[in-house]
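Following the hints, position chain S with the ligands against chain F.
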Amino acid sequence: MSSNKSRVSFSWLFKMAWRDGKASGRKLILFMASIVLGIAAVVSIQSFGENLKDNIGLQSKAMMGADFKIDLDQEPTEDVLSIIDSLGGAQAREIGFTSMAAFPGKDGTKLVQVRGIEGGFPFYGELETIPEEAAQTYQQEGGALVDVTVMTQLGLTTDDSIKVGEVILPISGALRSIPGSNSFFSSVAPPAVIPYRFIEESGLVQTGSRISYDYYFTAPSGTDLERLDEVLDPQLDRLEADLDTHTSTSERLGRRYDNFGKFLNLVAFVALLLGCVGIASAINIYIKGKLRAVAVLKCLGATKRQTFMIYLLQIAGMGFLGGIIGTIAGLILQQLFPLLLEDLLPVDIQMAFKPQIILLGVLLGIFMAVLFALVPLIGTLYISPLQALRVQTNGNKKKGKAELAVLGGIFLFILLFSYWLLQDWKYSLAFVFGIVVTFSILAGIARLFMKVTRDNFPTGWGFPARQSLQNLFRPQNQTLTLVLAIGVGTFLISTLYFTKDLLLAQASLEGQNNSPNMILLDVQAGQEKEVEQTIRDSGNPVLDDIPIVTMRVQSIDGRTVNQIREDSTSGINRWVLNHEFRVTYRDALSDSEVLTSGEWVPEVEEPDLIPISVSDNFVEDALVSLGDRISFNVQGVVMNTEVRSIRTVDWSQMQPNFTIVFPKGVLESAPQFRVITTKVPNEDASAALQQELVRLFPNISILDLRQIITVVEGLLNKIAWLINFMAFFSIITGIIVLLGAVRTSKFQRIKESVLLRTLGARSNQILKILALEYFYLGALGTLSGILLSLISSQLLAWLLFDTAFVPSIFPLLVLFPAITILVIFIGLTNSISVIKSPPLEVLRKESY
Amino acid sequence: MTKILNVHNLEKSYSSGSKQLTVLHDITFDVEEKETFAIVGPSGSGKTTLLGLCAGLDRPDTGSIELCGTELSSLSEDERAVLRNQKVGFVFQDFQLLPTLTALENVAVPLELQGAKDASEAAKVLLEKVGLGGRFDHYPSQLSGGEQQRVAVARAFSNRPSILFADEPTGNLDAETGERIIELLFNLNREAGTTLVIVTHDLDLAKMTQRILRLKGGKIMETNEQQ
Ligand SMILES: Nc1ncnc2c1ncn2[C@@H]1O[C@H](COP(=O)(O)OP(=O)(O)OP(=O)(O)O)[C@@H](O)[C@H]1O
Ligand SMILES: [Mg+2]
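Residue numbers (the working numbering), protein chains in the order written: chain F, 1 to 848; chain S, 1001 to 1227.
To be clear, the hints were calculated from the coordinates, so they are not data collected in a lab. One thing to keep in mind: the hints can contain errors.
[As the list claims (entries may be wrong)] Derived DEER-like restraints, expressed as beta-carbon distance ranges:
hint: 1; chain 1: S; residue 1: Ala1175; chain 2: F; residue 2: Arg26; range: 55 to 65 angstroms
hint: 2; chain 1: F; residue 1: Thr453; chain 2: S; residue 2: Gln1020; range: 33 to 43 angstroms
hint: 3; chain 1: F; residue 1: Gly462; chain 2: S; residue 2: Gln1020; range: 42 to 52 angstroms
hint: 4; chain 1: S; residue 1: Ala1175; chain 2: F; residue 2: Ser763; range: 33 to 43 angstroms
By construction, the Cβ of each residue, glycine as well, lies at the ideal position given by its N, Cα and C atoms.
Bound conformation, chain S alone:
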């Protein structure tokens, strides 16, 4: 099995005022291709920070991150953006749809960034798949939270990513809607073979993944292999 994500000796600290706050300390782990992987831990333990670093949204102080075979520190900010566009998908806790674009346009953006010709067609297929066939021209403000998150999932899959990062994708949803979103994510993982990295508080959700990484105070407590 090949490793799609390889994190080694990661350190990250923020300076707030004069104080130096170490957020992540000596983090080492890897994720295999097509794997489903959960990061859990109490609030403030550094989960979002870790996810951001893995996706190349920020730079670590020390340590290395290899994503899809590329060492992130060797890339410029724009090169990292291009890598994200081609290999990475994102689902945010608070959806983060572009408010001035319709549902369809939101889903099409990653494809259009790739220069795809049939972006709009592909986006329609994806939206239908998440059950929003009739809502192409609706703006985010015209959709419910669950619908918005489904659009976000469709968008995250539109560029056929090798790896998908989801930061508490159900955090803002009721249990039932949350379950539907999770189902969507795992289905797409099964169909397209996309690696899933999910940050969550929800232990039930975590249990559905193949491995769980537990963070506390910026340190790895344990990595569970399940089943």
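Bound-form chain F, shown alone:
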């Protein structure tokens, strides 16, 4: 017996796949469409992320303005200066701090980031100003460059001047961009650039102010910056200074955006998965319709492998096409991202097409389509040729096993792909678990609904209502797929909506009645009485007057900071060692604190060991527990302390919170400054008070929380916009899946309606049946989606945000009717031909 395997060429399989596919064209195109959007989403995010990374890398010098810099937050010691000298001296230096700026002759004050610059900074990138030449002239002129938004907000021109601390400088120009200014921070404290020589004169280099000292260097090309970093950074670390190269800074920045990108990737991936569920269910019905043909082909002598391959090729081809179209759509879409995200991005982005991303899109298309079509495809392997002679029930153990293996493969793939996106097993497992739980709950709801209605069928209902309900569990029904598609889409949108609510509720001041909305920083010791008086005179209350002493950790349990730094096995977080802590002392807990262990010591008298209280996050990062000893360097004086109590702190409360709190009786005579808070009723009162305070006390910085919250809200809205944009993909995919499902079951509907019409049903009765059916599906899917999102948001509120979750009514009021109506609309418009098609055609087309 010679095998015909060798004689039947691969090309014949292609030919069969093509012939058959051609005749099934419209159905296949709809399946294909289900994955197009998912792929477009993944490709656009992925490509955008790659481009962003590249651009950050390419523009790293322009972002820093130099090749590398040494920065510290106190005046450099001799040792640091000698290191700087050993590098040939800095090409430029800068002193920066935040301060209030006033504009003589104008109303209005503004918290600004003062940057005193000397030397040719920036060496890369651009100091963009209006007029252009101001970037060159401000140094000799002794003028200032003021952030352009501040200029427009306050109506300033180059005829005005700016007052910071004690100095008044003419404004040389508006500042549009400068290397090293972070865009988010700039919206709270916009930059104002002045010549370095005026810093001293301003009198603002004072106790308590956070002042940064930066030394900028250029390196001859070919310098190994990484090596320089490796050698110098540890030395500088010990001197409380830090060396940053343009590459390390850009990498750090890149990583920060990476996380956001990963999150978006997941949202995109969910859209893709949703599309795949659509494919799986549509192919399932498609293949069921082909089983007869497979049996006939087997009768004619085709082997299992051949019949399997014909349909596999068809689906792979469809995936390939879907991949290509999706990739193209994704590449077009990614051009939108820079526009959407403008203010959030650190660099201007030049979009480029990456070949590896294109490959990813196409492969993803083929792979996802085939993977999700495998379960129904396996059916073709096990169909008996006898099926051609008569309908045969196929219960095959081997088939069950193969299907199980495919399901395992699907989960493995999802896990691996999400690992590739997230680079973290824990998160990927959680993601896959979340997907499985969400999908199974939705599937469970659909199944339960079908079972409950079948068991308690409302026999008393009118004919259309009964018939439409019956349709939900007829053979080859798509109830499950549709509830999944509608449910997941609704779930995503409403979860995103709730999450935004949560975030905003946390940031908002509403309801926190007695919390301050204006914080005065850098109030010098001795100044506080007058400042408080000024506040009271303006008719506002003084809520807190908090003393603050800055200090650094000197040693933990006998090991000095430098010893800990050199011990690579130490799990102590770096920031603990480098941070300048702002510490307060008081005799009682504040509203935002809860004691979790140990004993609170209100006051002491000259103890050897000072009992202190630390926050729980400090405990985790510094690896200390009750009874551990920490020595602090308080501006030259060493203070030995013991951890006596641990507190949890609600950092989201808008009031000054502290990691470390001393008891009364120790720090009173240490050099200190104060933070004073107040609550002003409205914007005008706030502006007036600020104006008055800045006039009387130019050294004080004022944080207007109202304004910061507006900035945060704007930012959140932008991010929410982007997330909604991604969720939109899921919704559209859901609609396409819905379309696919409606179309695949169309023939069956036509047959039914013809039958009904033959039995005397009127068109509008048939229409009513269809509308009701889609109403059940839409309502069930949307409601389950909203229900699920309520659960998940509640979990988020408990676990992540730690706040009470009060769901808003929006999803129920808007999403529920909107999506349900959409489902009914799509269902009906695609069924019009069902009602219109003449019965004869139906009888002719026989199962096709």
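This is chain S with the ligands only, laid out in the frame that chain F set:
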């Protein structure tokens, strides 16, 4: 004369639920090359089951079937498929054309499965022979029942089978069209020497064959030698 089909002691039962239903019991018969052979019997007597077993579409519980000199139980499912492709033709009661292929493509499939180069040409010749020269590119849904069955006959002969199984080939057709199909089958039998095994209710049709096997309740009642 050589035997092309040799069935010995065949048993087949289906279990529906807990009950065991014996469909074929102790079936023994043979068919000679170039012979025309009819299987008749009342509905549910096991005719289709027997035909399916003979063509290797299913496996018997016990007993042996030798088709074209090969013992079917010694072949795997795919090997049986290959044997069918090379030696067997099929005509079904309900035509069973592939709905997504044109008439011409349907007829060409068995040849293409054999790897033939001129499948399309050969298929055209066959279609012309059954009187459908002008309908090459029509899809099954565009053909009448009789036309579809003629395409099915052309397809069944396209691989020049040694034996052709037909399960009630006229069952779905009116008398006149049925006669034309039968004529076609017998003509092709005469011209190509193909063995014909026909399952039918129609005793007139059965009488046209050389031998008749009568089935009842899964057992052979008698085998008639005619003329
Ligand atoms: N898969 C199966 N499971 C259970 N019983 C079956 C199965 N297939 C066939 N049968 C039974 O076997 C018997 C014979 O069926 P078969 O199709 O061979 O009859 P037939 O002689 O071709 O009848 P008809 O003339 O009506 O086509 C019938 O009683 C049928 O119900
Ligand atoms: Mg039968």
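Verification of the supplied hints:
{"no.": "1", "hint": "Ala1175/S - Arg26/F: 55 to 65 angstroms", "verdict": "violated, 39 angstroms"}
{"no.": "2", "hint": "Thr453/F - Gln1020/S: 33 to 43 angstroms", "verdict": "holds, 37 angstroms"}
{"no.": "3", "hint": "Gly462/F - Gln1020/S: 42 to 52 angstroms", "verdict": "holds, 47 angstroms"}
{"no.": "4", "hint": "Ala1175/S - Ser763/F: 33 to 43 angstroms", "verdict": "holds, 40 angstroms"}
The structure fails to meet hint 1 from the earlier list, while all remaining hints are met.
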